[in-house]
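*Asks:* Given next are the chains, with one letter for each unit.
There are 2 protein chains.
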Amino acid sequence: MNSFKVGLIGLGNVGSRVWHNLLTHKELLTKKSGKTIEIKKIAVRSPQKALKVGVPQERLTTDWKEIVDDPDLDAVVELIGGIDVPYEIITQALQKGKDVVTANKALLAFHGHEIASLASKHKRRILFEASVAGGIPLLQAIQDGLVANRFLMISGIVNGTCNYILTEMTNGRMSYADALKKAKEMGYAEADEKLDVSGEDSAHKAAILCALSYRFWPKVGEIYTEGIESVDPFDIQYAGELGYVFKLLAIIKKHQGSKEVEIRVHPTLLKKDHILSSVSGSFNAVIIKGDIVGDQLFYGRGAGGDPTASAVLSDLVELARYPYVECAPRLFFADTESEYKVMPISEIVSRYYLRLNVVDKPGVLASIAEILGKKNIGISSVVQPEVSSFAQGVPLVIMVHDAKEKFFQEACLEISRLPFLKCKPIVYRVEDFHVQGE
Amino acid sequence: MNSFKVGLIGLGNVGSRVWHNLLTHKELLTKKSGKTIEIKKIAVRSPQKALKVGVPQERLTTDWKEIVDDPDLDAVVELIGGIDVPYEIITQALQKGKDVVTANKALLAFHGHEIASLASKHKRRILFEASVAGGIPLLQAIQDGLVANRFLMISGIVNGTCNYILTEMTNGRMSYADALKKAKEMGYAEADEKLDVSGEDSAHKAAILCALSYRFWPKVGEIYTEGIESVDPFDIQYAGELGYVFKLLAIIKKHQGSKEVEIRVHPTLLKKDHILSSVSGSFNAVIIKGDIVGDQLFYGRGAGGDPTASAVLSDLVELARYPYVECAPRLFFADTESEYKVMPISEIVSRYYLRLNVVDKPGVLASIAEILGKKNIGISSVVQPEVSSFAQGVPLVIMVHDAKEKFFQEACLEISRLPFLKCKPIVYRVEDFHVQGE
Ligand SMILES: NC(=O)c1ccc[n+]([C@@H]2O[C@H](COP(=O)([O-])OP(=O)(O)OC[C@H]3O[C@@H](n4cnc5c(N)ncnc54)[C@H](OP(=O)(O)O)[C@@H]3O)[C@@H](O)[C@H]2O)c1
Ligand SMILES: NC(=O)c1ccc[n+]([C@@H]2O[C@H](COP(=O)([O-])OP(=O)(O)OC[C@H]3O[C@@H](n4cnc5c(N)ncnc54)[C@H](OP(=O)(O)O)[C@@H]3O)[C@@H](O)[C@H]2O)c1
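Just so you know, the protein sequences line up as chains A and B, in that order.
Numbering (the working numbering) for the first sequence: 1 to 438.
Numbering (the working numbering) for the second sequence: 1 to 438.
Looking at chain A on its own, in the form it has when it is part of the complex (with noise of 0.2 Å):
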């Protein structure tokens, strides 16, 4: 039996699951790959922690060059997390001629494009299926089973920290900080929850889909991002009341004929009948619609050491089975000038959902509904709902029909000098898309 000889690097979370799954499904993994895949060296930064792991002392090193610089690995592991030294073991590690696998999103949202490039120059691979939702297989299903269509959507849930927070705010009508409080002891939020809350974690991930689905690297920075740490629960409450639930969404969009792809990371109501509305906790759900097979839903565990390694493992028994074929372009992005671009977030067109506190006064309503019209923004509903303390002014509830965003910000700008504001207009997205025959 051949073997196929990996070095890891990084043995924290997600790290340490692989080694210990790789070791008690070793016989499955050998049959289903038709070789041995053996970690051969370990790089780490604290011995004392690997051994604990049960790791071999032997195996170990603290070096990481010793695993990219080794000519006898096929392959290397790059679980670290991190920007600059993750960017310089794998570049390192493909000129060498290895194969990489990675779950580090941050990473490829920014060198993405770059190290894609350098994998196709050395005839090497890099996969990263763990880098977005997970264990769920979902880069695999953009890139293999839905193949053969034009992606029209993909859009959904893929931070569960966020997720769980947002239903633990819902459901438990907690605070922010709370909620955030209870994610961080139930191990859903790390000591430094600002990657996730701010959503840029989800917005690195929307550029990984992005880049397979429409085969272009976004820049990180033409993402539009709203995090969930302003979400207050008045609004959460009210939404509840309209039959909204609040989802912080990763949401990739492109319109047929049009070269612009909608993408973007924000907090988002949703019916609550919506079949990502019932994705609680720290689960995660895409929808993805194809031109030729309609909407899909994958839902599985985004993140924790076991999902992530069952993705980590998976990644390395491809690279076990296939050898290097150069007429096999599944990452072919790297090579291509794609045709699109990212569109702008003040031309895309949604419902919003706006909340003004206002002297209760008459015609308070009325001027600001003569903004909207002005604008062309039509007024689908107004509710004002009940309140204890008026000292924040009374709250106006105005949900707004499918419009363009840069005339409702231009309405909200306007409607935020009015006098009687009491403070800046609060503005969430909706969002209906249907999946068919829900």
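Fair warning: there could be bad hints in the mix.
SDA-like mimics (lysine to any residue), calculated; alpha carbons at most 20 Å apart, straight line [said to hold, decoys possible]:
| no. | chain 1 | residue 1 | chain 2 | residue 2 |
| --- | --- | --- | --- | --- |
| 1 | A | Lys26 | B | Glu339 |
| 2 | B | Lys272 | A | Ser278 |
| 3 | A | Lys422 | A | Asn376 |
| 4 | B | Lys271 | A | Asp273 |
| 5 | B | Lys26 | A | Arg215 |
| 6 | A | Lys271 | B | Ser277 |
| 7 | A | Lys31 | B | Phe216 |
Selected chain B positions facing chain A (in silico; Cβ < 7 Å) [claimed, not checked]:
| no. | residue |
| --- | --- |
| 8 | Gly145 |
| 9 | Val147 |
| 10 | Tyr299 |
| 11 | Gly300 |
| 12 | Arg301 |
| 13 | Ser310 |
| 14 | Ser314 |
If you are wondering where the hints come from, they were derived from the structure by calculation, not from laboratory data.
Treat the numbers as computed from the prediction; the structure is a model and nothing was measured.
We treat Cβ as the ideally placed atom computed from N, Cα and C, and that holds for glycine.
Place chain B with the ligands on chain A using the hints.
*Replies:* For chain B with the ligands alone, kept in the frame of chain A given last:
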């Protein structure tokens, strides 16, 4: 650019959409597969129909042997349905060194083992993504994306016709006959609906799922199969009042440590808030529980010309991309003596819904409870739904805790002999397979 030459046999619902979508997505597919996939020859039974689809006369033949014998073709796509002729086509094509793509679940369920062995012997590939759950890349997920996992369960709705009928019976309170009629009018049921409504089609798909996940082909006759023809709207209603929904499920389960695999198809009661309960109309959805990855759900269109063509085309792309690799035993099950076998239905453990129509007199429930009690079968609830007519006796719905099928059936047999019973006991299994984190 190399070309990958295909012969297509059968130009019906699926075949005509394969032809159409290959034309409309030619450039995309060429980019993605690195070769031009070309349908060089098409065998049909009725050339007139084929000309209407827009196929040029010179590519048509009415003799499939011309395709199988053509030394210039790389692959044969079989899309005629049935068993005998497809068996001839596929075995001959493999023997003549051609790769094969098919959507034919019936053929695979009966001859899958032999065909897979033959493919392996001739170093050819047979791909059949479209045979289960249509456009959903489920077989690929099992074989590739989730390859590192031991499967604890694969269960779901794999027949859109039955799901459509049950949905109509539930939401529209229709009789089976009316719902079937509507399904035919809507194009969701064939003129001859037998294979679908009897559960056989789902059993065929279960056999394929079993082969891919447990590496053995169960005999079709070993799969416990019950259809939806005799589901009574009364039971749908009673179950609804108790918080359950009827779904025709294919259930495949393996308990840790056991060498026996449960594999069965039957109408099943699911809690209304279970994620599968919200899958309505002609949609399919399958839950996969992997020992590393946890629970996943895949949802989409399980039938229809386009979704099925999407899967056929993805198989063609895979064939075009990768040459046959000896060490890549994606379909290794043919060569492996599996250690598993089918668990007899009498050995499964399930909860049950039991409806009895009885003469309404004292002592009835006591006698029934005594029989169940003797077998150590616990009752979780008893309801006596209101009815307008007592001609059939008074219905008594009993929900039963987990029990071994054998003992439960013995109890039912004994109950059926009680003098006050007005008709045979009606029995349905109840599943709670827990999806984590729902
Ligand atoms: N956790 C998840 O659920 C998940 C899901 C999807 C993707 N990912 C991605 O997977 C990657 C790893 O995540 P993780 O959760 O496993 O992170 P982690 O628990 O922080 O593990 C990273 C490990 O790498 C080690 N390390 C850091 N620098 C190193 C160096 N120069 N040489 C050798 N080892 C080094 C760290 O050592 P110390 O312990 O000494 O700091 C730590 O053990 C990240 O890119 C992350 O975004 C994670
Ligand atoms: N339809 C779906 O949604 C779906 C989904 C999954 C899998 N499948 C599977 O896909 C296969 C095809 O299904 P389908 O719905 O496309 O069936 P279909 O509409 O009945 O098409 C079959 C076609 O094959 C032709 N044919 C029959 N015998 C032939 C022969 N000896 N030589 C050449 N052509 C022949 C038929 O010609 P005539 O028109 O002259 O009879 C017909 O046009 C079946 O195995 C089915 O189980 C279908």
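*Asks:* Determine for every hint whether it applies to the structure shown.
*Replies:* Checked hints:
1. Distance restraint check for A:Lys26 and B:Glu339: the Cα-Cα separation of roughly 17 Å lies within the 20 Å cut-off, and the hinted pair is therefore satisfied.
2. Between B:Lys272 and A:Ser278 the alpha-carbon distance is near 13 Å, which keeps this suggested pair within the 20 Å criterion.
3. Note on A:Lys422 and A:Asn376: the hinted pairing is violated, with a Cα-Cα distance of about 25 Å set against a maximum of 20 Å.
4. Of the pairs offered as hints, the one joining B:Lys271 and A:Asp273 holds, with about 17 Å between alpha carbons and a cut-off of 20 Å not exceeded.
5. Restraint check for B:Lys26 and A:Arg215: the C-alpha separation of about 17 Å stays at or below 20 Å, so the hint holds.
6. For the given pair, A:Lys271 sits about 18 Å from B:Ser277 by alpha-carbon distance, which is consistent with the 20 Å threshold.
7. For the hint linking A:Lys31 to B:Phe216, the alpha-carbon distance of about 14 Å falls within 20 Å, and the restraint holds.
8. The closest approach between the C-beta of B:Gly145 and any C-beta of chain A is roughly 2 Å, which is under the 7 Å cut-off, so the hint is satisfied.
9. Hint status for B:Val147 relative to chain A: holds, with the closest Cβ pair at about 5 Å, below 7 Å.
10. The beta carbon of B:Tyr299 comes within 4 Å of a beta carbon in chain A, closer than 7 Å, and the hint placing it at the interface holds.
11. For B:Gly300, the shortest C-beta to C-beta distance to chain A is roughly 4 Å, which falls under 7 Å, so the interface hint holds.
12. Evaluation of the B:Arg301 hint against chain A yields a held restraint, the C-beta minimum of about 5 Å falling below 7 Å.
13. Given the 7 Å rule on beta carbons, the hint for B:Ser310 holds: about 4 Å separates it from the nearest Cβ of chain A.
14. Checking B:Ser314 against chain A by beta carbon gives a least distance of about 5 Å; that is within 7 Å, so the hint holds.
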